[in-house]
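Engineer: Residues per chain, in single letters:
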Amino acid sequence: MANVLGTEHDLNFKETELCLGLPGGIGGGGNEVDSSPKTSGKRGFSETVDLKLNLQAKETGMDLNKNLDNGSKEKPVSAKDPTKPPAKVQVVGWPPVRSYRKNVMASNKTTGEESEKASSAAFVKVSMDGAPYLRKVDLKMYKSYQELSDALAKMFSSFTMGNYGSQGMIDFMNESKLMDLLNSSDYVPSYEDKDGDWMLVGDVPWQMFVDSCKRLRIMKGSEAIGLAPRAMEKCKSRA
Amino acid sequence: MSEDDERQQSPPSDLDFVSTKARNCNATGSGSAYPDQVLNNVLENVLHFLTSKRDRNAASLVCKSWYRVEALTRSELLIGNCYAVSPARVTARFARVRALHLKGKPRFADFNLMPPDWGAHFNPWALAMAKAYPWLEKVHLKRMSVTDDDLVTLAELFLGFKELSLVCCDGFGTGGLAIFVNKCRQLKVLDLIDSEVTDDDTDWISCFPEGESHLESLIFDCVECHVNFEALERLVARSPSLKKLRLNRYVSIEQLYRLMIRAPQLTHLGTGSFSPSEIAGQGDQEPDYVNAFAACKSLVCLSGFREIIPDYLPAIYPVCANLTSLNFSYANITAEQLKPIISKCHKLEVFWVLDSICDEGLQAVAVTCKELRELRVFPVDAREDSDGLVSDVGLRAISEGCRKLQSILYFCQQMTNAAVIAMSKNCPDLVVFRLCIMGRRRADHVTGEPMDDGFGAIVMNCKKLTRLAVSGLLTDKAFDYIGRHGKLIRTLSVAFAGDSDIGLKYVLEGCPQLQKLEIRDSPFGDAALRSGLHHYYNMRFLWMSSCSLTRHGCQEIAHAMPHLVVEVIRSADEEEMDTAAEILYMYRSLEGPRTDVPKFVTIL
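As they're listed, the protein sequences go chains E and R.
At position 163 of the first sequence the residue is numbered 163 (my numbering), and the sequence of numbers has no breaks.
At position 7 of the second sequence the residue is numbered 7 (my numbering), and the sequence of numbers has no breaks.
Mixed in with the good hints, there may be bad ones.
Chain R regions said to be covered by chain E (calculated; three or more residues, Cβ under 8 Å) [as the list claims (entries may be wrong)]:
#	region
1	67 to 73
2	298 to 304
3	430 to 440
No farther apart than 27 Å at their CA atoms in a straight line, the calculated lysine-lysine pairs in the DSS-like style are these [unchecked claim]:
#	chain 1	residue 1	chain 2	residue 2
4	E	Lys-102	E	Lys-220
5	R	Lys-463	R	Lys-477
6	R	Lys-487	R	Lys-404
7	R	Lys-297	R	Lys-244
8	R	Lys-347	R	Lys-297
9	E	Lys-102	R	Lys-339
10	R	Lys-244	E	Lys-102
11	E	Lys-125	R	Lys-244
12	E	Lys-194	E	Lys-125
Quick caveat, the hints were computed from the structure, so don't treat them as lab data.
Note that the coordinates shown come from a computational prediction; the quantities given were computed from them, not determined experimentally.
No residue lacks a Cβ here, since even glycine has one placed at the ideal position from N, Cα and C.
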């Protein structure tokens, strides 16, 4: 079963390589057969679930929008019949909270948390091992791993992504290069994805990364070894 | 903080009664000029000391002389409805006004219930004041439309202008602000609170004139655009009198630090984002935030936290013991994050917070904040069907711990009568009780009964109550209680409540002090409207939207009461000749129908 899944992921991952946005391979490659059965099983399942949830969220979003439009036209019919609980339509101006406050709370929610709607910013916390404070970055301000790595380098001056390829991505194709990186004392960025798993940055196409990254942690290469198996599997799967 | 600051409530402007009475009464000593003059001089010197508007209104009713002298000596004008009286009439009566408070739109406009561009323009007032009161020093506007030109007028035509306060206003931008701050050389106060400020891409902070500034208060936490921080830092450094500073969310915590160390004399601080900026200097040391707060020994009012990173909260520990006012209403923090802070805030009197702290957080508040006078709990997720984070449990806890409570605004998803009754008994000093059960027409979630008894207990037991907002499932019985016992109520807000006309009738017939009544989506019709005819001249306004009113019914009122302006407001897609009156907004006025009426408003 796992192998079948694995093979499917294989294909999907490659497909994802070519055309971004195909839902099948969301961060898939890293969670191959081994590492923890829990992870791969979870991944396989959660992909499907994620898909469903995303669809549902979109539908609900649309419904809500429709209802908002209708809300302002809501005639006092329901008001005349107070014993019947009304449908949960979002009514204009209710609850009585100023739009400024509503907007601020809505935009604060997107800070490093999941949001169902596309937001104009994707703030995530960045911590670096050994640095005394956190930073926040808006991932949507960057268009590639290279740009992100430049920004991180400015923020944390002892951090360089020197061993990364020209696109700023870990070269997952080359197993030995990967091991070198992880064995060095250079820093390596890792990120926590939507499922709470810690991954090496650079394993998925940029946009997918932006959508799934919840927070960033810059750790020493040697410490990132723990994330290596998944990365290794990725290499294997692409070989 | 001033979301509807209750403490600024003032009694009705009695201008119309004054003009009638003054004409009818005999002036003392009107025969010869000499006694008149002496009297006037004496009166002037005495009345000069009268500051309360209520006292002044009373004095002006004594006789014609007193009326005249009072008019000469009144320096502060409070006009609760900008359409109740015209600028011309005001400038004709009052000779030496130094301060003007003006209010425009009704409160429900804040919730998008009124189409934009309805009115409440400051412009005619600005121009009239410029001619009549060139020595005007202070303008305080609430829910008015203010243009950039108006700001320029204030700056250029009033030489000693000192204080501008714009609450819930709109229509202007950073361009107007830039000119205003540049030309007002005596400026002490610039307070922009909950106002919408257009980003004209102008660096207005840099436009403050060089040299020592007189600034005592600079509040711009609602301004949604970047400010030039270096200019702001220089400004704060050259403002030795600065006591109140409320920053917007574009100011990072590192920048806050730099400002705080320059202004340890601050009494009121709005912290801005309270999170680090993304751009770090090379090899930056984390500033000593704790020290910065510790240095502010006079700090009593703390707000901001617009994009809080809770890790930084411990920085405020040094000031907690002195705080009388704390506004966390933009800080999405948990009970655990709140507890170490609130447990130090023994003197706290005003607390605004998000329901993210849950009932547990409120319990923590109740344990420590024995001096609490005002509590506002706002929803993180302001929707009807969101998860309820606070409930009757939190309300009851507050009532048991904070016995001196005077004002409460509480958003929740569900409530019980028992908790509300408990509050009515535990907090007899309540003046303002606003409960918003976000689920419309939701019953007591334990008993399944309407919330009538809870609100009934509030009006029965809280003998000082002047402001009430009701919600949840309510029958006409609730309004019966209000009419019977709410004898001091001045402001009443009703939404999705009641069964029939009789509900509104109870209120209009029973509450003699009622001045502001705002109702939405309730089954009150023309008959109910008629039952208030005896009282409408005593009220500032009546708002009824999505009720069961017809144009005909409103027309009747308009005919019966010539000094009432009866506005029927349509939403965009309604036809002019609809029989239903979607929004009724009516108010007493000396001036008759206003001349700046937009297309979607019909004055009957």
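Engineer: If a hint holds in the structure, say so; if it doesn't, say that too.
Structural biologist: Going through the hints against the structure:
no.	hint	verdict
1	67 to 73	violated (count 0)
2	298 to 304	violated (count 0)
3	430 to 440	holds (count 3)
4	E:Lys-102 with E:Lys-220	41 Å, violated
5	R:Lys-463 with R:Lys-477	19 Å, holds
6	R:Lys-487 with R:Lys-404	21 Å, holds
7	R:Lys-297 with R:Lys-244	14 Å, holds
8	R:Lys-347 with R:Lys-297	15 Å, holds
9	E:Lys-102 with R:Lys-339	25 Å, holds
10	R:Lys-244 with E:Lys-102	26 Å, holds
11	E:Lys-125 with R:Lys-244	31 Å, violated
12	E:Lys-194 with E:Lys-125	14 Å, holds
Consistency note: the structure conflicts with the earlier hints numbered 1, 2, 4 and 11.
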